[in-house]
Amino acid sequence: MRGEASSDFNTLFNTFYVRLARLLYRITGDFGRAEEMASEAFWRLHCKPPSENTNLEGWLYRTGLRLALDQIKKDRRRARYEGLGALFGHTASPEQELERIEERTRVRRALGALKADQVAVILLRAEGLTYAELAAQLHLNPASVGTLLSRAEEAFRKEYVNRYGHSRTQ
Amino acid sequence: MDTPERNESSPDFGQWTEVCSALLAPPADWEPNLNAARARFKARLHQPSRLRRFALVGVTGALLVCLLVPAIPQARVFAQQVGSNNWYRVERLWNWITIVRTPLSFRLEGLPEALRTHPRTESGSPQFVSDVAEAAHRVGFIPRLPRSGIFSSSGPVLSVSGPLSIDTVVSTADLELALRNAGVPDQDVPREWDGARISLQIGATVTAEWSDVREEGSGQIEWSDLTLAQGLPPVVAVPPGFDLTAFTVLNLRTALPGRENALRFAQRATTAPALLFGKGRQNIVAVREVNLHKGPATLIEERREPGFGAHTNWFGYSGGPTVERITLLWSVPDRAYVLRGVMSVPSEMVSLDLAGAVTNAIDLANAIE
Numbered sequence: 001m002r003g004e005a006s007s008d009f010n011t012l013f014n015t016f017y018v019r020l021a022r023l024l025y026r027i028t029g030d031f032g033r034a035e036e037m038a039s040e041a042f043w044r045l046h047c048k049p050p051s052e053n054t055n056l057e058g059w060l061y062r063t064g065l066r067l068a069l070d071q072i073k074k075d076r077r078r079a080r081y082e083g084l085g086a087l088f089g090h091t092a093s094p095e096q097e098l099e100r101i102e103e104r105t106r107v108r109r110a111l112g113a114l115k116a117d118q119v120a121v122i123l124l125r126a127e128g129l130t131y132a133e134l135a136a137q138l139h140l141n142p143a144s145v146g147t148l149l150s151r152a153e154e155a156f157r158k159e160y161v162n163r164y165g166h167s168r169t170q
Numbered sequence: 001m002d003t004p005e006r007n008e009s010s011p012d013f014g015q016w017t018e019v020c021s022a023l024l025a026p027p028a029d030w031e032p033n034l035n036a037a038r039a040r041f042k043a044r045l046h047q048p049s050r051l052r053r054f055a056l057v058g059v060t061g062a063l064l065v066c067l068l069v070p071a072i073p074q075a076r077v078f079a080q081q082v083g084s085n086n087w088y089r090v091e092r093l094w095n096w097i098t099i100v101r102t103p104l105s106f107r108l109e110g111l112p113e114a115l116r117t118h119p120r121t122e123s124g125s126p127q128f129v130s131d132v133a134e135a136a137h138r139v140g141f142i143p144r145l146p147r148s149g150i151f152s153s154s155g156p157v158l159s160v161s162g163p164l165s166i167d168t169v170v171s172t173a174d175l176e177l178a179l180r181n182a183g184v185p186d187q188d189v190p191r192e193w194d195g196a197r198i199s200l201q202i203g204a205t206v207t208a209e210w211s212d213v214r215e216e217g218s219g220q221i222e223w224s225d226l227t228l229a230q231g232l233p234p235v236v237a238v239p240p241g242f243d244l245t246a247f248t249v250l251n252l253r254t255a256l257p258g259r260e261n262a263l264r265f266a267q268r269a270t271t272a273p274a275l276l277f278g279k280g281r282q283n284i285v286a287v288r289e290v291n292l293h294k295g296p297a298t299l300i301e302e303r304r305e306p307g308f309g310a311h312t313n314w315f316g317y318s319g320g321p322t323v324e325r326i327t328l329l330w331s332v333p334d335r336a337y338v339l340r341g342v343m344s345v346p347s348e349m350v351s352l353d354l355a356g357a358v359t360n361a362i363d364l365a366n367a368i369e
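If you're matching them up, the sequences are chains A and B in order. Mapped onto my numbering, the consecutive letters of the first sequence carry residue numbers 1 to 170. Mapped onto my numbering, the consecutive letters of the second sequence carry residue numbers 1 to 369.
Mixed in with the good hints there might be a few duds.
[Said to hold, decoys possible] Taking lysine to aspartate or glutamate and the DMTMM-like style, the derived pairs with C-alpha atoms no more than 20 Å apart in a straight line are:
#1 Lys73(A) to Glu102(A)
#2 Lys42(B) to Asp8(A)
#3 Lys158(A) to Glu18(B)
#4 Lys73(A) to Asp212(B)
#5 Lys42(B) to Glu40(A)
#6 Lys42(B) to Asp30(A)
#7 Lys48(A) to Asp8(A)
To be clear, the hints were calculated from the coordinates, so they are not data collected in a lab.
Based on the provided sequences and hints, a complete structural model is requested.
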């Protein structure tokens with residue numbers, strides 16, 4: 001990317017990096033990884049931009065979310081041994097905090113089983129995007145955003161209940 | 001435009017989803033570091049591409065092979081391979097006899113929670129770093145890694161964690177109860193210990209992680225994950241006049257038979273804090289002593305997660321736990337190490353396979369430069 005394109009890219013980076021990193025935190029639960037994946041999404045955009053240069057924000061959201069969801073799958077294996085903290089330097093948490101951590105993990109895992117587009121619509125909505133903005137960012141028909149969101153929420157709920165039954169988040 | 005257009009055929013899960021999503025929201029005061037991200041991005045732009053690096057490594061490797069292979073008689077190469085495998089087998093057998101096969105004198109299964117720990121300062125999330133130099137810059141010491149060629153794997157992925165401090169307040173009543181439950185009724189717990197605050201302070205640590213590791217020598221051991229953490233030796237702060245060794249011995253006696261055994265582990269700079277303050281002790285099935293080139297180390301075997309611990313063999317009875325993780329803890333004057341491996345294929349206890357994994361873990365620890 002050179003010249004004007006490079007300037008556009010820098011503007012995009014400055015505008016969306018923080019927003020993307022905060023969105024990806026919802027999936028990763030880890031500041032470092034959220035930033036790392038946000039950077040990776042921009043890197044991919046830089047190296048191999050989509051053929052159509054419209055709605056690059058939506059492209060970044062989808063790419064970043066896919067990276068984060070892939071990471072969740074990898075983390076499932078990693079969670080089996082929980083790193084070294086389990087034996088050395090891992091602190092015992094108060095019960096409530098522990099429960100919150102476990103609940104977050106359950107929510108992330110249930111989300112991780114959904115389609116990337118469903119996760120995107122749920123999390124971007126949680127980030128405060130309006131239906132119109134969701135439609136614009138994700139290339140959706142504005143009239144069907146509500147239906148898609150409902151279906152995504154229903155799928156999320158079913159996935160959660162299938163895995164964990166009812167919980168305090170009810 | 002923002003009309004709640006819902007699918008009428010299904011219940012409205014919106015509120016529930018909002019609650020779940022709110023759980024995942026980042027802290028309001030967290031601001032991703034845009035400047036650092038820009039700097040990393042620019043640095044990445046100037047790095048040679050991965051393809052180019054692979055090509056360079058490939059060409060160099062091919063050149064070396066072309067130069068070296070004709071110079072070495074095939075028989076010698078073969079003999080070296082056979083020798084390496086045979087030496088591994090000898091080591092494995094030796095470790096089976098001297099380490100794995102010996103009666104399990106220490107079983108921490110069900111170690112009572114005599115110590116209730118509270119974090120005083122949190123280390124925060126690990127921060128990934130690009131290389132050893134950056135890790136050294138962040139933590140103030142140069143991390144040591146196993147020499148190259150000891151195993152094949154991608155990585156390592158390096159990360160650093162900040163200092164950590166954990167407190168515990170001694171409850172003599174809890175300790176006495178734990179000792180009684182462990183069948184050690186003859187030990188007096190000094191009254192003056194009650195209410196004493198003990199603090200474990202761990203400095204910044206560097207963690208190196210490898211995935212899908214295959215040991216180079218024999219090629220027989222595979223680790224799905226291998227992690228090496230290191231930092232300055234942990235410091236345990238106690239009130240003036242408090243006998244930390246005696247306290248540690250009494251705590252370890254709740255799980256380890258014999259005062260001598262407890263005393264031996266209580267005197268280890270890295271092992272004692274890990275056993276006392278660590279989490280996940282319920283999965284520990286054995287703690288043993290092994291010797292590294294740099295001195296003694298503690299070997300901890302952990303079973304698979306509860307529910308998978310026991311297995312049924314061909315004869316229909318439940319066998320012992322299956323060991324999935326092996327941890328080595330040791331320290332040298334300026335560094336404490338924790339090496340933990342998750343075996344790709346869990347091993348039965350007291351098996352040659354487990355001896356092989358232990359042999360490999362010791363070799364890896366000895367290869368740290």
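Status of the hints after comparison with the structure:
Taking the CA atoms of Lys73(A) and Glu102(A), the gap is about 17 Å. The hint holds against a cut of 20 Å. Annotation: proposed proximity of Lys42(B) to Asp8(A) holds, straight-line Cα distance about 15 Å (limit 20 Å). In summary, the hint linking Lys158(A) to Glu18(B) is supported, as the alpha carbons are separated by about 15 Å, within the 20 Å threshold. With a C-alpha separation of about 16 Å, the suggested pair Lys73(A) and Asp212(B) falls inside the 20 Å cut-off, and the hint holds.
Note on Lys42(B) and Glu40(A): the hinted pairing holds, with a Cα-Cα distance of about 13 Å set against a maximum of 20 Å. Under the criterion of a C-alpha separation no larger than 20 Å, the hint pairing Lys42(B) with Asp30(A) is inconsistent with the structure, at around 23 Å. Distance hint between Lys48(A) and Asp8(A) is fulfilled; the C-alpha atoms sit about 15 Å from each other, no more than 20 Å.
When the structure is compared with the earlier hints, a violation turns up for hint 6 alone.
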